[in-house]
Amino acid sequence: MRDLFRLLYRIRDTLLFLVLMIVAMVLLHGGNAHHRAQAISSSNALVGTIFTWRKGITDYANLKEVNRRLAEENAEWRSRHESAYTPVEDLFVRINDTIHRQQYSYIAAKVVNSTWHKQKNFLTLDKGATSGVQEEMGVIGPNGIVGVVREVSPHFASVSSILSPSMRTSVRIRRTGHIGLLYWDTNDAATASVIDIAKHARILVGDTVETRGGDATFPAGIPVGVVETLSAEPGSNYHEIQIRLTEDMSQSGFVYVVKDLQRAERDTLQQAHSAP
Amino acid sequence: MIGTIIANILRLLVLVLVQALILDHLDVANGYLVPYLYVLFLLMLPFELPAWALLLIGAGTGALMDFFSSTPGMHMSACTLMMFARIRILKLLAPREGYEFGMLPTVPRMGFTWFLTYAGLLILVHHLWLFFVEVYRFDGFFSTFFRAVSSATFTLVLCLLAQFLTARPERGRA
Numbered sequence: 001m002r003d004l005f006r007l008l009y010r011i012r013d014t015l016l017f018l019v020l021m022i023v024a025m026v027l028l029h030g031g032n033a034h035h036r037a038q039a040i041s042s043s044n045a046l047v048g049t050i051f052t053w054r055k056g057i058t059d060y061a062n063l064k065e066v067n068r069r070l071a072e073e074n075a076e077w078r079s080r081h082e083s084a085y086t087p088v089e090d091l092f093v094r095i096n097d098t099i100h101r102q103q104y105s106y107i108a109a110k111v112v113n114s115t116w117h118k119q120k121n122f123l124t125l126d127k128g129a130t131s132g133v134q135e136e137m138g139v140i141g142p143n144g145i146v147g148v149v150r151e152v153s154p155h156f157a158s159v160s161s162i163l164s165p166s167m168r169t170s171v172r173i174r175r176t177g178h179i180g181l182l183y184w185d186t187n188d189a190a191t192a193s194v195i196d197i198a199k200h201a202r203i204l205v206g207d208t209v210e211t212r213g214g215d216a217t218f219p220a221g222i223p224v225g226v227v228e229t230l231s232a233e234p235g236s237n238y239h240e241i242q243i244r245l246t247e248d249m250s251q252s253g254f255v256y257v258v259k260d261l262q263r264a265e266r267d268t269l270q271q272a273h274s275a276p
Numbered sequence: 001m002i003g004t005i006i007a008n009i010l011r012l013l014v015l016v017l018v019q020a021l022i023l024d025h026l027d028v029a030n031g032y033l034v035p036y037l038y039v040l041f042l043l044m045l046p047f048e049l050p051a052w053a054l055l056l057i058g059a060g061t062g063a064l065m066d067f068f069s070s071t072p073g074m075h076m077s078a079c080t081l082m083m084f085a086r087i088r089i090l091k092l093l094a095p096r097e098g099y100e101f102g103m104l105p106t107v108p109r110m111g112f113t114w115f116l117t118y119a120g121l122l123i124l125v126h127h128l129w130l131f132f133v134e135v136y137r138f139d140g141f142f143s144t145f146f147r148a149v150s151s152a153t154f155t156l157v158l159c160l161l162a163q164f165l166t167a168r169p170e171r172g173r174a
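Sequence lines, in order, name chains A and B. According to the numbering used here, the stretch in the first sequence is residues 1 to 276, in order. According to the numbering used here, the stretch in the second sequence is residues 1 to 174, in order.
For reference, chain A alone in the conformation it holds in the complex (with noise of 0.2 Å):
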């Protein structure tokens, strides 16, 4: 017993170390994702406040591109309102439409910290879930699909953007309707992969790929990329596509987070479903 514990003494520093190298290990895998966000991610309060400082001196250098952005938006937007139509028949009159229900709102929110350079990529936005952000959430920008929220503080959420190769969103080609799965193997902010497209599929450089929606995150139609190459590996049965992103990854300054007001609904469809 003795001897025992004499050698456990003397490889005390190596056992810690496993030790050490275990928790780690475990954070890592993050044996349920739920507490794993309580305890460590940026959305954390204290490192949330940090990173809105920081972005607090940033901001003045980027204003200029980010009003030029925020114009276009603005302008897109005024061309969509009412007031942009003229009646084209004065014998008819509007009334109320009870066919369209509105299935999605939008929270505008900052992102006060974002990466795109690493090989998973984070962006941290200044709303949490008192601005009514939660899990899962998609988010986009003015020019297409950001990512998808991963965990929320009170005032922050943690997004984890489209850059990061545990993504997969479900895309369509807009002018086929060919389904694929968007995929960050590029390791490039500016492009990814399309996956998951048949060959048979008539795909050509230059199609517009977009969100298929249907998945609660994103509404069907938010632009994703542009098809810039295409190719097909011998004896495989599908297309190799690499897009180009519409949306620049390293200029994102205000993004919107995609609220669905039937998610609550669908969920527990799903789940009555799904439960035996």
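FYI, nobody ran anything at the bench for these hints, they're computed from the structure. Honestly, I wouldn't trust all of these hints.
[Unchecked claim] Derived DMTMM-like pairs: lysine to aspartate or glutamate, alpha-carbon spacing no greater than 20 Å straight-line: (1) Lys110(A) - Glu72(A); (2) Lys120(A) - Asp27(B); (3) Lys110(A) - Asp24(B).
Given chain A's structure and the hints, the job is docking chain B onto it.
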């Protein structure tokens, strides 16, 4: 003694903030040069610290970085591994008469070649582990490998620069 502790805590805070607020946002060479300068804090810890303290400080520093980059366990494991390697490497690189009390592992104290070997090896260990854990797969092995090696070189250059910029003139024993 108290002075050393305060100096080290200040160094930790400054380096972690520089890392999280500036260096993490650098976009040089499309992800092939991602510096992790905060390891300089771990490199510059005094020789006298016992192994258990080194390991705990390493794990703590890594966990702090993880807070900033929402990567639970990633920096923590890399730093713990690096501190474990530091214990071994310091033994290998020890001068014949051993380390004197109060010596610091810095360029002015130990010489350029010594520091280059010491810091180079440890940064390489840290970065290789970190970059492979970050992608968590082995396909694209060489891409990740080159990223790690080129970033390690960048970090090493920054560490040397930081040492030259902050080095005080040699004045007896601290």
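Cross-check of the supplied hints:
1. Of the supplied pair hints, the one linking Lys110(A) and Glu72(A) holds, its CA atoms being roughly 17 Å apart against a limit of 20 Å.
2. Straight-line distance between C-alpha atoms of Lys120(A) and Asp27(B) comes to about 14 Å, which keeps the hinted pair within the 20 Å bound.
3. Between Lys110(A) and Asp24(B) the CA atoms are separated by roughly 19 Å; this keeps the pair inside 20 Å, and the hint holds.
Consistency note: the structure conflicts with none of the earlier hints.
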